[in-house]
Amino acid sequence: MSENLDLVRSIYTTWERGDFASAAWAHPEIQLVVADGPMPGAWKGLAELGEAWHEWTDAWAGFQAVAEEYRELDADRVLVLIRRSGRGKTSGMELEQMRTEGASLFRIRDGKVIGIVNYFDRKRALADLDLAE
Numbered sequence: 004m005s006e007n008l009d010l011v012r013s014i015y016t017t018w019e020r021g022d023f024a025s026a027a028w029a030h031p032e033i034q035l036v037v038a039d040g041p042m043p044g045a046w047k048g049l050a051e052l053g054e055a056w057h058e059w060t061d062a063w064a065g066f067q068a069v070a071e072e073y074r075e076l077d078a079d080r081v082l083v084l085i086r087r088s089g090r091g092k093t094s095g096m097e098l099e100q101m102r103t104e105g106a107s108l109f110r111i112r113d114g115k116v117i118g119i120v121n122y123f124d125r126k127r128a129l130a131d132l133d134l135a136e
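In the numbering used here, the protein residues as written are 4 to 136.
In case anyone wonders, no lab produced these hints; they're calculated from the structure. Treat each hint with caution, since some may be false.
[Stated by the list, open to error] Straight-line C-alpha distance at most 16 Å; calculated EDC-like pairs for lysine to aspartate or glutamate: (1) K47 <-> E58; (2) K126 <-> E136; (3) K92 <-> E58; (4) K126 <-> E72; (5) K47 <-> E32; (6) K126 <-> E104; (7) K115 <-> D9.
All chains should be modelled from the sequences, with the hints used to inform the complete structure.
As structure tokens, this is what we get:
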């Protein structure tokens, strides 16, 4: 297993416990892109990453993202197929009522995550990356 795969696994181990506080794994110039879903957009740098993460996790009660599969695509990219759960604090809507099978693409440089692309729609992620399910 590569160092990049180990890094991404360690990030998800922490996130699966509901701990989104640390960004020690992130490059200072990290770029977060949310490709689809209820909060699409792009953010750059640690401060914007923190704001986006806080806004997202604060909107949900019991939010959880669980890794189902890890795929090392090449020397710089790791794809994680995930399942999300939680309930909207304002709407009361369960994430299970929406498409919850998503994906996160991590780009890594020199042991730090330089980019994350989050997809609510796993099929879109796989299509964008020209990968099979």
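Hints that the structure is at odds with (numbers, increasing) = Nothing - there is no hint that the structure violates, so all of them hold.
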